[in-house]
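Asks: If you read the protein sequences in the order shown, they are chains A and B. The opening residue of the first sequence carries number 18 in the working numbering; numbering runs sequentially from there. The opening residue of the second sequence carries number 22 in the working numbering; numbering runs sequentially from there.
Just so you know, these hints were derived from the structure itself, not from any lab. The structure displayed is predicted, hence computed values, not measured ones. Among the clues, some could well be false.
Sample of chain B residues lacking proximity to chain A, with all beta carbon distances greater than 10 Å (derived) [as the list claims (entries may be wrong)]:
(1) A121
(2) N153
(3) K180
(4) I213
(5) Q257
(6) G325
(7) L337
(8) F343
(9) K392
(10) I396
(11) S421
(12) Y444
(13) A448
(14) T459
Calculated lysine to any residue pairs in the SDA-like style (CA-CA distance at most 25 Å, straight line) [unchecked claim]:
(15) B/K392 with A/D31
(16) A/K34 with B/A468
(17) A/K35 with B/I411
(18) A/K22 with B/D464
(19) A/K34 with B/R395
(20) B/K88 with A/K34
(21) B/K88 with B/G427
Glycine residues also receive a C-beta, built at the ideal position from the N, C-alpha and C atoms.
Residues per chain are reported as follows:
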Amino acid sequence: MADMKALYQEVIMDHNKKPRNYGKLSPCTHHAEGHNPLCGDHISLTMNLSGNMADDKVEAIGFEGEACAICKSSTSLMTVAVKGKTRSEAEEIARDFLDMTTGKLDMNAPNKLARLTVFAGVRDLPTRVKCAILPWHTLRAAFNSVEEVSTEADGDPMHTT
Amino acid sequence: MNAPTLKPENSTEPNPSQPPLNRGGADTALPLSRGSRRGFEPNEQTGLNPATPLDVERIRADFPILKLRVNDKPLVYLDNAASSQMPQRVIDRITHYQTAQHANIHRAVHYLSETATHEYEVARRTLQKFINAKEDREIIFTSGTTEAINLVMHGYGRKFIKAGDEIILTTLEHHSNIVPWQMLCEETGAKIRVVPINDAGELDIEIYESLFNERTKFVGVVHISNALGTINPVTQMIAYAHARGVPVLVDGAQAAPHLKVDVQDLGCDFYAYSGHKLCGPTGIGMLYGKAKILESMQPYKGGGDMILSVTFEKTLYNTIPFKFEAGTPPIMAAIALGAAIDYLQNIGMDKIAAHEHSLLEYATAQINNLKGVRIIGTAKHKASVISFAIDGVHPHDIGSLLNQEGVAVRTGHHCAQPVMNRYRVPATSRASFAFYNTMAEVDALIAGIRVVQKVFA
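Extracted from the complex, chain B is given alone in its bound form (with noise of 0.2 Å):
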């Protein structure tokens, strides 16, 4: 049902023939461990279709941004892991959106705000079916991954965590993974555990197992490193963990963009993500949540629209979603994510993480062949991100100078010090890859880091 299809070109129409958004759903209970391997794991990225590649040069010319000079060069964006471009579908539909449609919504009863309330929730069907949610009630708009981090931990953490309890985290997450579980450790007097990793990067399976105890209450991991790009293998993680009881989020921001996500195969009790990965706008994101935990879970935020009714003696609360969604959302940002993601699924995620694929194991072998470069993270499952380091030459001078040929990589600590601390380093330069990038812009990385070379010699 997520397969990705080939949509008509305005695929925000509405459709009437959708049900309401509040029915109430029966929860049927959810198998734990599913043993399929369909869609997500990393050795199904290199079953392209040879027969229909990308056609890069096509996409690309849907990316104003990446016609943009800079430094008198062409403009080769490699810090896709940072945030995505927007290509002009989305833009259009923004302006679309601004022009024609916008009122806030769950509100009043005139056309804006019926028409603004109708794409929002289209938008909100659209990101279900993108990672094959059951319900859509099961997706929250939050403004990122860290906020929809930050709702779990106040929504479930707060409720459920207790003095002596256990969080299992790994030394992959990124800061937004880690940060709110101290807060909350420092709040509850619960203890966190990391999963450490091997010199490749990987986390070390055996060592993960190894911490589950009585007091093991949860368990946060990234499903790919935004560091490192290694591929976590979270499908037996969660199995592992739902034998024991444990809930698992899973931090999708690295994932979202560049495999197919199936919430139903992984059998996450969270999954987020954010939308300027997925070339959508910035301010918007999703958390997803099995129903029934969702609404086991208290508010994150108090204000409008996440109540039924307000009194001072006594406040109803909202069903779910909308408990979650206090306060005016950013409905256009949630309009364009729902464009965004319409625009990835009409190429395709298989063909996307093909794509990035090739672009990693080309630039993995350029790399490779350049004396006093070394790659640093070397899974067997990645995704398309290289951190790098140059012999004798602090990252940030590798940024500026790169950048002088035009080149964007990311410099410094990637918002993973655990990661850089495991390698002794205090930051890498990172060079991470979207659908819309070309071989010949990895050649243009490899000569950037021949003129650092040069420069430094």
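This is chain A alone, in the form it adopts within the complex (with noise of 0.2 Å):
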């Protein structure tokens, strides 16, 4: 069992009272609103990338919305991930953060999480996994222009280990 006590007390002194990218882009090119009907917590993504292809970058993010200390903490970390890398990039820091979080990936191996790992922690806890992936869900739901994205969709990973 992960000590959520210092998980907490090293997130949320910091990005759940000042998190990063907040506030929403206006005009977007990519948006979409992820939705944990369970706990009500409720994010608003919007994106800017250069183009639409694979290697087009994050050039600009921001979210908004209510949510947990572990939701929000998490979106903030993954906005400041993902900002400046190209989608493929994102979307690969995407699967290793959902395998982690899943307790599907090797921590031992190579991966491209950096400071994610800091989240490891919620795989023990597997109501509040949810929470710390709602914001990669919202983030390739963005990227495949779906408006809304629901942790109790049939997509969910959650819903299928």
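The task is to assemble the complex, starting from two chains supplied on their own in separate frames and drawing on the hints.
Replies: So, in structure tokens, the structure goes:
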């Protein structure tokens, strides 16, 4: 069992109180809403991409919403991690993040997560995994021009494990 | 007759003097508006005899799971409104049944089948006496409260409720007493009318009474709110409905574990609860229905044991309660629930209610002393359920951090989203106490809340 208090103290002191890239981009090229109906988390993600190809860059990203500290800080850290990255790089990070939080990632092997490994501990708390991965689902939805995404949808990795 | 008695340890011994279940019960008209206040009125909860308080430490020794440590802290289990824990005696009863008594019931003539059938029917009579039902055939085993309400919707609602008819429910209902009726309305064209609550979480009884008209055909009301702990004035509400010829279903999922329930005093037409909130296993619960109404209803599930004879031309349904118990029931769970009720009655429901009320009062006072913490649901009559919010902290963060301290509370919407909407919150944290909780555990909760506030400071 990860020490949740340590996780909270490390992440919350920082990103929950001072979320990075907070706000809405208008106009934007990509947008999606993420919902976790079980706890009422809701985030709105806006991005400006330089194009629609895999090697186009996330030039700007912003988020707004009401969410628990894990969701909010995960979203904040995500925006920092993907800003300036190409779409395919961002999708690789998303894959590693989802694998890590559902316990499928070998943490000793190289990965793209860097500071995001702070969320590794949520895999021990299945109900909180959804809070941490909601922004990453929302990012994927925005890339694919899906307007809304929910943690209760069929494609949720929590439903397939 | 429902007074708790100190029974011998093994109260599941066969009782050959008990009459068989399928006797023809002559139905006498039941008084619809009895004024008796005995048994379930909240102000009686304080009637604890101080000479014989609950020996909580002795009781805790009966529950092996309470010895667990979580995150290197002693488990403080305050999620009893979701599910309660099981004493060793019930665990032993399950083992005894599975090792020496199991077979299918109501079927074969061999020894084990007769033993299992006997024990199952003994359990039914235990449930009957627990809520003072008039007859044992008025007790139907279901998988829980949810199935019990669905049974009434299918068996009564689909037969007797038509387009344009109205069903009165309350804001405090659990989803299980909302969704089945919405399904019925979608199918039939009936309508749901909702009784609102005030800021304290109490039903507005004036509005309840004003909702009645000639189209009102059914009332569904929760006895105790699972989200807020409000104890509703169901006796008064039932009397008002009955004076207008409207039957009433009471969802007793939160009440049966905490108060003495007497369905004849209440006068309700239906009463439902779940076994796992009463120290019994999951997968078992009960529907009480007045015999006359149950007999008038259509079956809910078709299958074995609910029939008298089957041909492809014509099937004759069995008598109640079997008409509503198609297929092989959860026999072990039913017998274990009987053992759990015996266990609770040995302690005494009055003593349980009194101890839980002390926990509620102490916890309420302690939480009210904390800055930045707000109790949601401050009804005058409450059971030992406290929903609360901490300023600036999402309930799920509260739940995870309390878990770190070994404290188990429920966080979320408690399957009562209309209540959450009423208070404009997506979710709350909820501490719910059982008779095996201690004042020291209330202190652990308070200390845990302080830790949460410190992390978020």
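Asks: Within a Cα-Cα threshold of 25 Å, do A/K22 and B/D464 meet the stated pairing?
Replies: Holds, because 20 Å separates the two Cα atoms, which is no more than 25 Å.
Asks: So is B/T459 really clear of chain A, every C-beta pair being over 10 Å apart?
Replies: Fine: 24 Å to the nearest Cβ keeps B/T459 off the interface.
Asks: Examine each Cβ of chain A, and state whether all of them lie more than 10 Å from the Cβ of B/K392.
Replies: holds, 19 Å
Asks: Does B/F343 sit more than 10 Å from chain A, CB to CB?
Replies: Holds, because the least Cβ-Cβ distance between B/F343 and chain A comes to about 39 Å, which exceeds 10 Å.
Asks: Say whether it holds or is violated: B/Y444 keeps its Cβ farther than 10 Å from all Cβ of chain A.
Replies: holds, 12 Å
Asks: Is the Cβ of B/N153 more than 10 Å away from each Cβ in chain A?
Replies: Given a closest Cβ separation of 39 Å, the condition holds.
Asks: Say whether it holds or is violated: B/I213 keeps its Cβ farther than 10 Å from all Cβ of chain A.
Replies: holds, 22 Å
Asks: Checking a non-interface call: every C-beta of chain A should be farther than 10 Å from the C-beta of B/A121. Is that right?
Replies: The claim holds: B/A121 sits with its nearest Cβ about 38 Å from chain A, beyond 10 Å.
Asks: For the pair we were handed, A/K34 and B/R395, check the Cα-Cα distance against 25 Å.
Replies: The given pair, whose Cα atoms are some 22 Å apart, holds under the 25 Å limit.
Asks: Is the claim that B/I396 lies outside the interface with chain A correct, judged by CB distances over 10 Å?
Replies: Since the minimum Cβ distance to chain A is about 20 Å, B/I396 lies beyond 10 Å and the statement holds.
Asks: Any Cβ of chain A at or closer than 10 Å to B/Q257, or is the non-interface label fine?
Replies: About 35 Å separates B/Q257 from the closest Cβ of chain A, which puts it past 10 Å; holds.
Asks: Please check whether the beta-carbon of B/S421 is more than 10 Å away from every beta-carbon in chain A.
Replies: Check fails; 5 Å does not lie beyond 10 Å.
Hints 11, 13, 20 from the earlier list are contradicted by this structure; the remaining hints agree with it.
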